[in-house]
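Below are the chains, spelled out letter by letter.
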Amino acid sequence: MSEKFDVRGLSCPLPVVKVKNKLTELETGTLKVLVDTGTAKDNISRMANNNGWKVEAKEQGEEYLLIITK
Amino acid sequence: MSLKNWFLSRKIIIITGAFIGIAATVLQKLGNPANMGICVACFERDIAGALGFHRAAVVQYIRPEIIGFVLGALIAALLFKEFKPRGGSSPLIRFVLGFLAMIGSLVFLGCPWRALLRLSGGDGNALFGIAGLVAGISIGIFFIKSGFDLGRNQRVRPLAGWVLPSIMVGILLLLIFRTQLPTGAVFFSSEGPGSQYAPVLIALLIALIIGFVAQRTRFCTVAAARDVILIKDTYLFTGVVSLLIAAWISNIILGQFNPGFQGQPVAHTSQIWNFGGMVLAGLAFTLAGGCPGRQLFLSGEGDSDASVFVLGMIFGAGFAHNFATSSSGAGPGTWGPAAVIVGLIICLLMGFSMSDLAKKKKEVSV
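For the record, the sequence lines run as chains A and B. The numbering of the first sequence is my numbering, which starts it at 99 and goes up by one. The numbering of the second sequence is my numbering, which starts it at 9 and goes up by one.
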């Protein structure tokens with residue numbers, strides 16, 4: 099399963115909460131996440147790492163694409 | 009490890025917390041009020057007084073710490089390409105949340121930062137405030153889990169991101185030149201906490217460093233507790249614990265540690281309202297996404313919604329003193345308890361109406 103999940107523009111802590119909920123629904127696979135602030139990128143990456151999931155962050159202009167593999 | 013990621017290590021957040029704790033106690037030694045080396049709510053209240061938004065003569069001063077927090081974060085955001093002017097996420101709701109957060113903070117007599125510093129100086133009353141803060145944050149988490157959402161922000165024209173930093177430069181000039189108009193403004197206290205301050209340049213420099221580092225590390229005293237409860241993340245919590253321990257040790261070394269409940273500086277012993285005030289503040293900060301310091305750092309990043317929250321706090325400070333909701337050493341102000349109750353009702357209404365709870369209720373009734 100691979101889809102792009104848009105959490106741009108959401109206030110803290112909604113990006114990390116929504117991504118965590120989405121990943122909880124996912125048994126295994128990859129989730130692509132679009133974020134627009136460094137804080138959201140850092141929080142989501144830390145949450146994923148703490149759960150043992152692999153995170154790859156790509157800068158796309160002023161936004162970031164996070165590829166999280168569970 | 010890139011420089012960007014280096015700031016996000018556990019070691020750096022611990023150093024950041026320790027630096028803030030030590031800096032606050034040193035600022036107190038250099039002249040800031042007791043157990044108030046840094047207090048975002050109190051210092052914004054002092055700025056409101058200096059500008060004449062309230063006339064409580066003992067709490068009027070332009071605090072360079074607030075200015076430094078915003079400008080330090082601005083410098084970091086510009087250097088690391090994180091200055092992104094944005095806004096439009098329920099600004100008026102955020103203004104009200106800022107207003108209510110200030111009302112609650114001034115009933116307790118301090119924001120989350122000062123609650124920690126009061127405890128580190130031996131003020132046992134702070135324990136009730138911190139308990140209230142955690143209770144308020146927990147209620148906020150309930151709403152977040154129930155889908156509370158202020159809506160997405162959008163990229164806005166660059167000028168919007170520069171508004172609060174520009175206001176900060178403006179009031180810094182008022183502080184430097186000590187402008188005196190025939191009306192009496194700018195007002196500077198000649199007695200009381202407002203007359204106690206560290207040298208301007210030192211305070212500004214320390215605050216610039218804190219603003220810079222806090223923007224990089226995402227330091228936030230409310231998210232510290234929120235993230236532990238909500239997502240089991242202890243990153244920010246270790247920073248806050250580090251602040252508390254460092255300030256406590258520094259207070260002992262500097263001879264500023266005086267344990268007890270009675271006669272604590274700029275504090276009262278009405279524990280129910282120490283608790284209640286901070287329930288309101290904790291809830292309002294959580295619904296708005298961060299502590300008062302974090303709102304200043306976000307403003308430095310160009311987040312105009314956070315700036316609106318800050319302006320709401322300053323407006324709230326004016327109201328709190330003009331309408332006797334602010335506490336003093338003697339206890340809560342005449343209308344303080346009523347203001348906390350009304351504030352809580354407003355926050356609960358927002359929580360229910362702006363989350364999925366309202367939808368569920370509608371579905372049930374259909």
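Treat the hints with care, since some could be wrong.
Straight-line distance between alpha carbons at most 30 Å, and here's what the computed DSSO-like set of lysine-lysine pairs gives [said to hold, decoys possible]:
1. Lys152(A) <-> Lys130(A)
2. Lys152(A) <-> Lys368(B)
3. Lys37(B) <-> Lys118(A)
Only some residues are given here: those of chain A computed to face chain B with a beta carbon under 8 Å [what the hints assert, rightly or not]:
4. Leu108
5. Pro111
6. Val115
7. Thr135
8. Asp140
9. Met145
10. Gln158
11. Glu160
Everything labelled a hint here was simulated from the structure, so no lab data went into it. The structure displayed is predicted, hence computed values, not measured ones. Positions of the beta carbon are idealized from the N, C-alpha and C atoms, including for glycine.
For each hint, the structure was consulted:
no. : hint                    : verdict
1   : Lys152(A) <-> Lys130(A) : holds (12 Å)
2   : Lys152(A) <-> Lys368(B) : violated (36 Å)
3   : Lys37(B) <-> Lys118(A)  : violated (44 Å)
4   : Leu108                  : holds (6 Å)
5   : Pro111                  : holds (6 Å)
6   : Val115                  : holds (6 Å)
7   : Thr135                  : holds (7 Å)
8   : Asp140                  : holds (6 Å)
9   : Met145                  : holds (6 Å)
10  : Gln158                  : violated (13 Å)
11  : Glu160                  : holds (6 Å)
Of the numbered hints stated above, those contradicted by the structure are hints 2, 3, 10, listed in ascending order.
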